[in-house]
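Student: This is what each chain is made of:
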Amino acid sequence: MSKVLVIAEHDGNKLNASTAKCVACASGIPDSEIHVVIFASAGEKLAADAAGLASVDKVMYVDNSSNEHALAAVLAPQIVSLAGDYTHIFGPSTTFGKDLMPRVAALLDVNQISDVMEVIGSHSFKRPIYAGNAILTVEAPEGTAVVATVRTASYRAVGNGGAAPVEQITVSADLPQHTRFVSLQAGKSDRPDLQTASKVVSGGRALASSENFEIIFRLAEALGAGVGASRAAVDAGYVPNELQVGQTGKIIAPDLYIAIGISGAIQHLTGIKDAGTIVAINKDADAPIFDVADIGLVGDLFKIIPELEKAIRS
Amino acid sequence: MEKILVGLKRVVDYNVRVRVKSDGSGVDTDGVKMSINPFDEIALEEALRIRERGEAKEVIVVSIGTSEAQQQLRTGLAMGADRAILVESTTAVDPLTSAKMFLKLIEKENPDLVILGKQAIDNDNIQTGQMLAALWGRPQATFASELVFDGNRAKVTREVDIGLETIEIDLPAVITADLRLNEPRYVKLPDIMKAKKKPLEQISAADLAVATVNALVESAYEPPQQRQKGIMVSDVPELVAALKDKGLV
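Line order of the protein sequences matches chains W and L. Going by the numbering used here, the first sequence opens with residue 12, and the numbers climb by one from there. Going by the numbering used here, the second sequence opens with residue 44, and the numbers climb by one from there.
The following block holds chain W by itself, in its conformation from the complex (with noise of 0.2 Å):
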């Protein structure tokens, strides 16, 4: 029997979605029981929220100042103090769990599996290695306890329905002083999260300004649908960089993709091959993005993109 802690990721008012993809990856594993565990200022809304989540059976809630925004020095320590008998302990590999779990490792002395992409036992994972060039199958050692990060775009979502008990607990940790928390420039969050958004829309080096890519928003409005962007939109300053899609951006899973301007370098198709319908515009009819599309269309972007909105809007 395993026993999995998963670190839930939140804003301080709602759980981020791949809190539930790691406990659907938790679930995975065979004869489980899941726990998931909330640092907060604030934490017992979040806690109910993640009780209702199907497959959890226990929440705990860890209220104190110092856990209003999540900084991995101060979280580590308390997770490690509740590490306890669990044999998982599972966090996201979003930019959040990214930072926090190798720090959670290391104290605990372990090896941690990054990037967890299918279950094959309790002690059994594929990933990715080389931008997805290669999948692993890696197998943790007995004993000791299995750190993990979830690949959020290889797991839906866990629906509702669940009724776990619910406890407010303390943690006795030393939390370190030596850093803090300053301020947070978050992106505008009127459109859907590009990491959870059934479509997106990408944009690439060929919309060459940030005033063009307003065709990209605009398309992304008419859809509903999240906007991303190649690594050399972003370089070129045509968009920030939380838009970024790809190995070193964000991976992704929509049921549409829309890549537009988009020549389909390795770095890039990384961060889409779970998608569900990948379409490809380009003037390039060579561009390797179209190997990998399943519907293509070569032609101007700038006229193409304007009649599909209003195709679309019609």
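Quick caveat, the hints were computed from the structure, so don't treat them as lab data. Ideal Cβ placement from N, Cα and C applies to all residues, glycine included. You can take every hint at face value.
Think about it this way: if two alpha-carbon atoms lie no more than 27 Å apart in a straight line, the pair counts; the simulated DSSO-like pairs of lysine-lysine are:
{"hint": "1", "chain 1": "L", "residue 1": "LYS289", "chain 2": "W", "residue 2": "LYS284"}
{"hint": "2", "chain 1": "W", "residue 1": "LYS284", "chain 2": "L", "residue 2": "LYS64"}
{"hint": "3", "chain 1": "L", "residue 1": "LYS289", "chain 2": "W", "residue 2": "LYS314"}
{"hint": "4", "chain 1": "L", "residue 1": "LYS287", "chain 2": "L", "residue 2": "LYS272"}
{"hint": "5", "chain 1": "L", "residue 1": "LYS272", "chain 2": "W", "residue 2": "LYS314"}
{"hint": "6", "chain 1": "L", "residue 1": "LYS287", "chain 2": "W", "residue 2": "LYS294"}
{"hint": "7", "chain 1": "L", "residue 1": "LYS76", "chain 2": "W", "residue 2": "LYS284"}
{"hint": "8", "chain 1": "L", "residue 1": "LYS241", "chain 2": "L", "residue 2": "LYS76"}
{"hint": "9", "chain 1": "W", "residue 1": "LYS210", "chain 2": "L", "residue 2": "LYS272"}
{"hint": "10", "chain 1": "L", "residue 1": "LYS100", "chain 2": "L", "residue 2": "LYS231"}
{"hint": "11", "chain 1": "L", "residue 1": "LYS64", "chain 2": "W", "residue 2": "LYS137"}
{"hint": "12", "chain 1": "L", "residue 1": "LYS289", "chain 2": "W", "residue 2": "LYS321"}
{"hint": "13", "chain 1": "L", "residue 1": "LYS240", "chain 2": "L", "residue 2": "LYS76"}
{"hint": "14", "chain 1": "W", "residue 1": "LYS210", "chain 2": "W", "residue 2": "LYS314"}
{"hint": "15", "chain 1": "W", "residue 1": "LYS284", "chain 2": "L", "residue 2": "LYS287"}
{"hint": "16", "chain 1": "W", "residue 1": "LYS25", "chain 2": "W", "residue 2": "LYS14"}
{"hint": "17", "chain 1": "L", "residue 1": "LYS272", "chain 2": "W", "residue 2": "LYS137"}
{"hint": "18", "chain 1": "L", "residue 1": "LYS289", "chain 2": "W", "residue 2": "LYS294"}
{"hint": "19", "chain 1": "L", "residue 1": "LYS287", "chain 2": "W", "residue 2": "LYS210"}
{"hint": "20", "chain 1": "W", "residue 1": "LYS284", "chain 2": "L", "residue 2": "LYS272"}
One-sided excerpt, in silico: chain L residues whose CB lies under 8 Å from chain W:
{"hint": "21", "residue": "PRO138"}
{"hint": "22", "residue": "ASP167"}
{"hint": "23", "residue": "THR185"}
{"hint": "24", "residue": "PRO267"}
{"hint": "25", "residue": "LYS272"}
Listed next, with one range per pair, are the computed distances between beta-carbon atoms:
{"hint": "26", "chain 1": "L", "residue 1": "SER262", "chain 2": "W", "residue 2": "ARG229", "range": "46 to 56 Å"}
{"hint": "27", "chain 1": "W", "residue 1": "ASP266", "chain 2": "L", "residue 2": "GLY206", "range": "24 to 34 Å"}
{"hint": "28", "chain 1": "L", "residue 1": "THR72", "chain 2": "W", "residue 2": "LYS25", "range": "37 to 47 Å"}
{"hint": "29", "chain 1": "L", "residue 1": "VAL75", "chain 2": "W", "residue 2": "GLY23", "range": "43 to 53 Å"}
Dock chain L against the given chain W, drawing on the hints supplied.
Tutor: This is chain L only, laid out in the frame that chain W set:
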């Protein structure tokens, strides 16, 4: 600051498309181009800029790997690092063991700052910096896109999923470099010549005597599932019709 320690990992070059060996025993790296991990190059560039601004005195590059990693250290020296340390290991070193080895070097060198790349593009683990900070009991600032120093503190802007987060950390600390921290300089020929005379110390991994724990066993490698090439449409009405067929619009 006196010293900055920078990690340089030797990895398969960014432009090489890696393939899994047909027997599934690993990936084929025979004869492929090897380079400094791109994020480590950004880490080194940042360290050099800090030194050039007069905010640090010495930049030491460190690699953990086979003796061939000397090439990457020489490139680091040519970029401008003052000296290099190679921790020589004939076998692959996992992130936790790497972090323990770095910690041994930290105990010897007492750096004020350690800058690593946010991830190595071979194993994509994204672990070593955070593990090092944990074992050292010091702050970590991962995915850094801007650093500002103020005496014994640093303000670090981090690229996080929802935007840019700024944190303040006390030094010494570990920082991991993201893509947009800087653009690394090109190495010039005279600098390559000069780098040959800079000190490169070799230490055997065994001499660092770190305690390794039960390693993860890499039991199989397989190629990823390939997506199939789909259909081509010739205009927007055809595209919209195809999307409607799939129930996507």
